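**Student:** Note that the protein sequences, when read in sequence, are chains A and B.
In my numbering, each residue's number is its place in the first sequence (first place is 1) plus 67.
In my numbering, each residue's number is its place in the second sequence (first place is 1) plus 1.
Hints may be right or wrong, so weigh each one.
[Said to hold, decoys possible] Quick list of the computed label-pair ranges, beta carbon to beta carbon:
#, chain 1, residue 1, chain 2, residue 2, range
1, B, GLU86, A, PRO96, 36 to 46 angstroms
2, A, VAL83, B, ALA181, 37 to 47 angstroms
3, A, GLY119, B, PRO97, 41 to 51 angstroms
4, A, ARG114, B, GLY171, 36 to 46 angstroms
5, B, ALA181, A, ASP144, 33 to 43 angstroms
6, A, SER100, B, ALA26, 51 to 61 angstroms
Just so you know, the hints here were simulated from the structure itself, not pulled from any lab data.
Quick caveat, the model's predicted, so the values are computed rather than measured.
Glycine included, each C-beta is placed from N, C-alpha and C at the ideal position.
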Amino acid sequence: MLLIHCPYCDETLPEVEFTYAGEAHIARPENPSAVSDEEWEAFLFLRENVKGNHYERWRHAHGCGRFFNAVRNTITDKFLTTYEAGAPRPALETLTENGK
Amino acid sequence: MTAHANILTPGTLADTAAARVTVTAAPGRLSLRARGDLSALETALGVTLPAKIGSRAQANGIEALCLGPDEWVLLTAPENVAAVEAAGAAAYEAHPHSLVDISGRETTVAIDGPRAVDLLTLGLARDPETVAAGEGRRTFFDGQTVILWRDAESKFRIDMWHSFAPHLLGLLETGCRELAAETL
Ligand SMILES: [Zn+2]
């Protein structure tokens, strides 16, 4: 079982308390009726599907209830970091330096 | 009001050398959601809302547990619920919030005894020792969201939604007997 650090609870807890919620930093267009079909399609369906370090959303569903973001390596399942929703995307170099 | 098939009568469910499981009399329960400067609300309710998730406060006949960054559960005597709601309503202009009576939703069991912590590990995903005495958490117990209160080292309460109670209480009851049957 994965252990996930909730940035709101500031505790590292078993995966079963959490639910996965897809790729992070996908902003809904401010005015959906103003965007083209292609832009709307991209918002709804097009995802990076990264093999490696993936910015993704999780929700502490059986805990504080909050959505937050994480960087997880999709090959090793290792979490590099978790951070509050709305916080800027942390640069990958700051998470992986020194060969970690 | 809808009659609920799973509301259990208060009473002792299991009492062994390991632990005791008791369905408690139902308290009044309210769900509070609020953000920002809470002082107007705290003055109205007469209780300081704990800011840290998992921490508790008790004053003015209200027991408050912080469940999330903007969420608390308030316990009070059933006859006091209307007064708490009225106090919240009076402070609504000063501090908009949501305060909802959820008294009809949950069953509470009290668990105590020398092996209460071991009993909890039957269904709890997290380590019970990470919840200190005097704290509480919303967490996951054998497939269900519950609120766990740790009142003392080996004294707990679990709030669960009525419909899950027969399942969870069955597990706790079996666990009590299993732990008592163990030769250490
Ligand atoms: Zn959390």
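**Student:** Looking back at the numbered hints, which does the structure fail to meet, lowest number first?
**Tutor:** Violated hint: only 2; rest satisfied.
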